[in-house]
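Heads up: the sequence shown is residues 4 to 86, going by my numbering.
Hints listed in this document are in silico derivations from the structure and should not be mistaken for laboratory results.
Some clues are possibly wrong.
Derived CB-CB ranges, DEER-like [as the list claims (entries may be wrong)]:
1. Gly28 with Thr68: 36 to 44 Å
2. Ala26 with Gly63: 19 to 27 Å
3. Glu70 with Thr15: 39 to 47 Å
4. Gly63 with Gly84: 20 to 28 Å
5. Ile74 with Ile41: 26 to 34 Å
6. Pro80 with Thr15: 20 to 28 Å
For each residue, glycine too, the CB sits at the ideal point set by N, CA and C.
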Amino acid sequence: PGGEYDRSPCGTGTSAKLACLAADGKLAPGQVWRQESILGSVFEGSYQNSKSGIIPTITGEAFITAETTLILDSADPFQFGIA
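Generate coordinates for the entire structure from the input sequences, incorporating the hints supplied.
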């Protein structure tokens, strides 16, 4: 959206992909799968089975590119998120 892209592969998306590969029988527990971004950066993931699904393990690199200050409004009912 807006012509902007994340320079890293998505960790959440990589976890979801591992779950799909596991469900389809295309990736065995402990087998490594590589997720590459459009820029060539890589996350490697594997999984172990659990009673309720899978437990993903993902490795990769991340770099700090900016800092910010969050301003929380005490009148905002969602100031700490929606969890």
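Taking 19 to 27 Å as the hint, is the beta-carbon distance of Ala26 and Gly63 inside that range?
Between Ala26 and Gly63, where Cβ atoms are some 23 Å apart, the hint holds.
Ile74 versus Ile41 beta-carbon gap, inside 26 to 34 Å or not
For Ile41 against Ile74, whose Cβ atoms are near 33 Å apart, the range 26 to 34 Å holds.
If you check the beta carbons of Glu70 and Thr15, does the distance land in 39 to 47 Å?
At roughly 23 Å between Cβ atoms, Thr15 and Glu70 fall outside 39 to 47 Å, so the hint is violated.
Could you check the hint for me, namely that Pro80 and Thr15 are 20 to 28 Å apart, CB to CB?
Because 25 Å falls inside the window, the suggested range holds.
Taking the Cβ atom of Gly63 and the Cβ atom of Gly84, is their distance within the range 20 to 28 Å?
This hint holds: roughly 25 Å between Cβ atoms.
36 to 44 Å was suggested as the range; check whether the CB atoms of Gly28 and Thr68 agree with it.
Because 38 Å falls inside the window, the suggested range holds.
When held up to the earlier numbered hints, the structure conflicts with hint 3 and nothing else.
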